[in-house]
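Novice: Heads up: the protein sequence lines correspond to chains L and X, in order.
Just so you know, the working numbering puts 216 at position 216 of the first sequence, and the rest follows in order with no gaps.
Going from the second sequence to the working numbering is simple: count from 1 and add 1000.
Source of the hints: derived by calculation from the structure; they are not laboratory data.
Idealized CB from N, CA, C, for every residue including glycine.
Mixed in with the good hints there might be a few duds.
As the list claims (entries may be wrong) - Heads up, incomplete: computed chain X residues facing chain L, CB under 8 Å, no partners named:
id : residue
1  : V1024
2  : G1027
3  : T1030
4  : K1034
5  : T1042
6  : A1087
7  : P1091
8  : A1118
9  : T1122
10 : A1209
There are 2 protein chains.
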Amino acid sequence: VPRNELELISWIRSRVAHDPNVVVGIGDDTAVLKTQETLLVTVDMLLEGVHFDLAGCTARDVGQKALNVNLSDIAAMAGRPTVAVVAVGMPNGRPETLADDLFAGLLDAAKPFSVTLAGGDTNSSKLGLVVAVTLLGHPTGSGPVRRSGAKPRDVLCVTGRLGYSLAGRHLHFTPRVTEAQRLHENYRLNAMIDLSDGLGQDLFHLTDASGCGALLDAGAIPIQPSPPGWNDDRPPLDHALYDGEDFELLFAMPEPEAQRLLRDQPLRDLGVAITRIGIITGESAVLLRDDHSTRPLLRTGYTHSW
Amino acid sequence: VPRNELELISWIRSRVAHDPNVVVGIGDDTAVLKTQETLLVTVDMLLEGVHFDLAGCTARDVGQKALNVNLSDIAAMAGRPTVAVVAVGMPNGRPETLADDLFAGLLDAAKPFSVTLAGGDTNSSKLGLVVAVTLLGHPTGSGPVRRSGAKPRDVLCVTGRLGYSLAGRHLHFTPRVTEAQRLHENYRLNAMIDLSDGLGQDLFHLTDASGCGALLDAGAIPIQPSPPGWNDDRPPLDHALYDGEDFELLFAMPEPEAQRLLRDQPLRDLGVAITRIGIITGESAVLLRDDHSTRPLLRTGYTHSW
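Here chain L stands alone, though its shape is the one from the complex (with noise of 0.2 Å):
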């Protein structure tokens, strides 16, 4: 069991897969890859006490969710994803399965992605367990979908449903590269997003990326059964605008597009649906309409302070 850099890197090196477009992988001073000319990059870092508990899950989840949440970041620009490098710091103390278990947690998310871990860099922390995972891939089809390019009477749809992801699906859930893609070569796509922050968050960083506004149909939104058990007084509405970590696809596209796309429910054999959800407007609010009323939606979500 690796309890120290060098054994972890090793440990490492002995489970990651041949990646032709890896030159130089893990064990020299950077990777070296082959890429295309466009490239896609992003991070996201969890850490001990903010972003989960280790009272509450394992250190496969965390694992696991370190990589899930960076390609849900690929899958919001339709891209494929390609590489990874990963820097950790391990805590002392802890069981002493905690690294293998972490970066098993990695490689089980890599995998159905063919994702190859090629560097990184390993750290022992006074501060609890901290994962950052940098992700990198490439567009497909005609481009990155980026979020600011929603236009006044785009349809608004969203993959699944949304809401009490703290029930469970904040830690396991399926990232929508697959879906995304698909959605990309068959569709016309003018923005994308993926909801981490919670819908009530994330449709304003969509529409002011684009420079519009839109109008949420309440009644449409597709909202995740309230779990066994689960008992609080707030609506499921607001579970499904403001929870967060719901990981589906937020995206606008033309009316005609969409009307073919719900018809198609092209992601149908993957069990997910596409619900339509409100339009894209020339205004610069976001409103939210129900059958008594139509309001301005609270923007709020998750907004990390310090």
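Following the hints, position chain X against chain L.
Specialist: Chain X alone, transformed into the frame defined by chain L:
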């Protein structure tokens, strides 16, 4: 003064200069970059309490170092750095300028090498300050200089002087990016590594990767003068071998090339001497020779364990 992730991202965006190779920078789900066919990638994480202590340095120092250690890795491949992405964990209850200072330091270090900050991830931290920088770059000249190309009878050289980094250079050093490119452009380098863990460990990384050994000439190793007021019982040579964080270059090259290089001293205008410190051998042992004896070099240096 930014105190949450949205304010911080906006503060940073306003300070990043335009880079034509950064198609999408800070503010989307991933960065989108124009790149060459061969890409260098490296990542390093600095953790409070392990790599630095904010009683003994500023957050700006930490930001500078966080990028400089990565620049040193790119230098070790004789690469040209291009783009960085940064993940941070920001602790609560600290001076309100902590985030500004950290990023000011990162931008300080980026500027001399025209590195663009293209994205990142900002988090609150219950674990103290954490910063992980991923740096991309391109090879120069005939390609990346690896650790693995040293050959028996190659001459081993180092830039600068080694030891006593804790007196200050561990925080304030010049990553040898320019130096490495100039050497690689004008001389045949068979293998290179940057001295981060100390010569007494990094030399083994180079010989292990190259499948060879080495004979070091103890009297030839250029040692930093002992800092004023510094008082300990360790011989200066031990400081040069084992302190680590020199961030100088160690490289191996054919004898005739080394003779030419040592005569030219091509880094003199940068104030950097190059010194011959030994040779590569066909044995697997790494030996240290002084006036009295030849003995195996103790393989040690800073190793993170947990």
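Novice: Of the numbered hints stated previously, which ones are contradicted by the structure, given in increasing order?
Specialist: none
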